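Chemist: What follows is each chain in one-letter form.
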Amino acid sequence: MRFPRDLVWFAALLATLLAVGVHNTTAAADGPVDQWWAPGSDRPLPAYVEYDDPAGRIGLVNTAGTITTAGHPFFEPIGTNGRACVTCHQPADGMSVSVATIKRRWEVTAGKDPLFAMIDGANCPNQPAADPASHSLLLGRGLFRIALPWPPRDDKGQVVTPEFTIEVVRDSTGCNSGPEYGINGTRHEISVYRRPRAAVNLRYVASSGFGVSPFIGKTGQLAAVDPETGRPLNMNMMADARKSTLKTQAQSAAHDHLQVAKPLTPEQLTQIQDFELQLYGAQAVSNVAGKLVEPDGPSGIGPEAMAKGRDGVLGNNTTQYVIPMENKWADLPAGKTPAEKARNEFLESVQRGHDVFFYRTFWIKDAMHINSVGLGNPIKRTCATCHGMHMTGMDTANGWMDLGTTNHPYALEPAESPWAKDLPPLPLFKITCREDLPPHPFLGRVIYTQDPGRALISGKCEDVGAIVIQQFRGLAARAPYFSNGSAANLRELVDFYDRRFNIKYTEAEKTDLINFLESL
Amino acid sequence: MRMNRPQLVALLLLAPAVLNAAPPVGSHISFVSCPIIRDTRSVPCWLSDYRSDRYYLTIQSDVSAEVQPPYLGHKVLVEGVVTDKPQICGGIVMSDVHLSVMPELDANCNEQLPAEDRYVIDFNPRPPGPSAGRLAFAGAPGTPRQAAPPARGPQTINIYFDFDHGVSFRHPSALSSVLNAAKQIGAKRMNIVGVRGAHRLSDGTLLQEAPNTGQRRAQEIAGLLKGAGLDLPGAVTWTSGESDADGVDDWQSRRVTVELLP
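As given, the protein sequences belong to chains A and B, one line each in that order. Residue numbering for the first sequence follows our numbering, starting at 501 and increasing by one per position. Residue numbering for the second sequence follows our numbering, starting at 19 and increasing by one per position.
FYI, nobody ran anything at the bench for these hints, they're computed from the structure. There could be a bad hint or two in this list.
Calculated lysine-lysine pairs in the DSS-like style (CA-CA distance at most 27 angstroms, straight line) [to be verified]: (1) Lys747(A) <-> Lys201(B); (2) Lys743(A) <-> Lys244(B); (3) Lys836(A) <-> Lys791(A); (4) Lys828(A) <-> Lys841(A); (5) Lys103(B) <-> Lys656(A); (6) Lys762(A) <-> Lys743(A); (7) Lys865(A) <-> Lys1010(A); (8) Lys930(A) <-> Lys865(A); (9) Lys201(B) <-> Lys244(B); (10) Lys103(B) <-> Lys808(A); (11) Lys762(A) <-> Lys612(A); (12) Lys1010(A) <-> Lys743(A).
All figures in this text were calculated on a predicted structure; none of them were measured in a lab.
In isolation and in its complexed conformation, chain A is listed as follows (with noise of 0.2 angstroms):
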């Protein structure tokens, strides 16, 4: 007789669940500096566990069951600068690394943790080392420096001619108008600034499911394709999808960030790719509600919900929803005692918040890549329009999209005054698209953006700020959000939403979208 795959591996983390309890943790007694991941730390990964975050406790269920990190290439520092991929994927962190962590590595180590390693850890390598400042970006935002070739050159290393040109109107890093770092350095690149993306639940993230074809769907360009299979890719994985598998990512991201002396071999590759196969997350338990995951709670809530979870599914419908809760946490009974009711209130903002995301119609306006896209300019939707996958909150597709986190006129730009104690802290580029091709269809042939986003790889006018969206889960223990860290909580980055399309949610509203998101 066989067994659902799913089946058995369910069953095995029952037993481990049973073994080591739901709420064996590697943090809680000794606090938050023990939930860190060191290179070659040499310990083993439990099937599941929980971390503290500041909402409640992240869960990380691995499906293979435990796991031995020694001489596993995620762990091991097995580049030249000490880093591992963990240094920038913490379990604790979702699988990223928030800032607060960031800033704690700061404190514990003077500044002398390879997270801090001068290549991406710092506003440019050229900088004194032991200078906070010359960190401020990752202290400050969570940001690393990612430096990349003008002019841009395709996910295949072939040049690309762009359709603009870039000028550096702001330096705020001293990096893109330096004589080696510059646009017109003796390395001819640019520096942008980005958040770690989260190494969870990667399944979802490389599925190619639904929407993907040869040739993109919100552009007619050419599909990534898998070297390995020639397969075309959905080119979610990145913030400007220049690597768009788990292994071409794996590849880029040692020699980019831990400095390899040399590539990644086909077993190295192939173990983190499966270790990143069978790792799912998402928040767990809250500080309000307790356990969020219950017999007859949501389907769509919890770490094993995330593992279980079908990918490559558009859930922006009421046949698979994005985030299936159906309406458990609705009109629960009062509670009868002040714990029980406080939890039931909770659950039930969490309900009226996935209700706020998912139903609540507002106009997407002048937002590349999804007005578009044969929808119109302006469309009246909801969040799930473009966080459209279920379980993630992604795109199914191809996801790169401009909803203004870096592009004029909505990136948080503070206005700038002889009184103000603090500069814009990252650079600004000056678009100057061609005259004789079509006009970007929202922003025009001249642009200020913080980060040209997918238009560093593909050289198009209309890529300009578009920038890969990001999964949902697990979000309460990786602050700050959008790729530029200008998010610095959920509040933050409801707000921008509000701002940037005229939304107008009330308070209430935003409080429970809010807690809906730090649920997930």
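Chain A is already provided as a structure; the job is to place chain B on it using the hints.
Modeler: Okay, now just chain B, sitting in the frame of chain A:
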């Protein structure tokens, strides 16, 4: 014929009304104007004014819609045939509607109207939020899909474009059709012709695409097909424009023609 003074005055008073009268049913109409979006209790509808008439263009739906909405912030090139169907959203209904967003930004095109009780969209195939689980214009669940017969012999496939635009969201399906047809007929040769489109508007104006448009389209399509693995010998050529624009189906002039030969 000599008119007396009262007759002349009457004619002059009548002239604007005659000039502004809605075109007769069945006539082709083509104009460039700002789109207008009107909210309704369900999905918004799109309209555009030309002369003294308001035309209904389409509604918000999803990517499966035959007529996809234009953009505020841009003028839209409208082509259609006037019908006598009941007005929708206060606009004259046309058939064979083709809309093309004009590429340059135009800040004057920014009219967004609120919902009014008298304008009801009761045929919308999907609400403004989540769908019922399928594309708006897909067949009902369980409806068998009509599979196209396999291609045989030489194939000519036209790929149509928005005015002055290159490849966009409209084209993955057409490009995939070329790949499939080439595979089915075992194509050995491929010729690609890019056409610079021209339009005769209803006011007589001839609207032509940028001079390099045909070349740009032909080369872009050739590059994409080659990148997708269809690397066949053949010619990639382009025209500098069509002179026979007459205001009837001129949208077909904005195209690339791909000829596949076994």
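Chemist: If a hint holds in the structure, say so; if it doesn't, say that too.
Modeler: Here is what the structure says about each hint:
As the CA atoms of Lys747(A) and Lys201(B) are separated by approximately 30 angstroms, the hinted pair breaks the 27 angstroms bound. Among the hinted pairs, Lys743(A) with Lys244(B) is consistent with the structure: their alpha-carbon atoms are about 21 angstroms apart, no more than 27 angstroms. Between Lys836(A) and Lys791(A) the CA atoms are separated by roughly 18 angstroms; this keeps the pair inside 27 angstroms, and the hint holds. Our distance criterion of 27 angstroms between C-alpha atoms is met by Lys828(A) and Lys841(A), whose separation comes to about 16 angstroms.
For the proposed pair Lys103(B) and Lys656(A), the alpha carbon gap of about 54 angstroms is over 27 angstroms, so the pair is violated. For the hint linking Lys762(A) to Lys743(A), the alpha-carbon distance of about 19 angstroms falls within 27 angstroms, and the restraint holds. In summary, the hint linking Lys865(A) to Lys1010(A) is supported, as the alpha carbons are separated by about 20 angstroms, within the 27 angstroms threshold. Proximity of Lys930(A) to Lys865(A) is assessed by CA-CA distance (about 22 angstroms); at most 27 angstroms being required, the pair is judged to hold.
Of the pairs offered as hints, the one joining Lys201(B) and Lys244(B) holds, with about 14 angstroms between alpha carbons and a cut-off of 27 angstroms not exceeded. Distance hint between Lys103(B) and Lys808(A) is unfulfilled; the C-alpha atoms sit about 51 angstroms from each other, more than 27 angstroms. At roughly 24 angstroms between alpha-carbon atoms, Lys762(A) and Lys612(A) fall within 27 angstroms of each other, so this suggested pair holds. A threshold of 27 angstroms between alpha carbons decides the hint, and for Lys1010(A) with Lys743(A) the separation of about 35 angstroms lies outside it, so the pair is violated.
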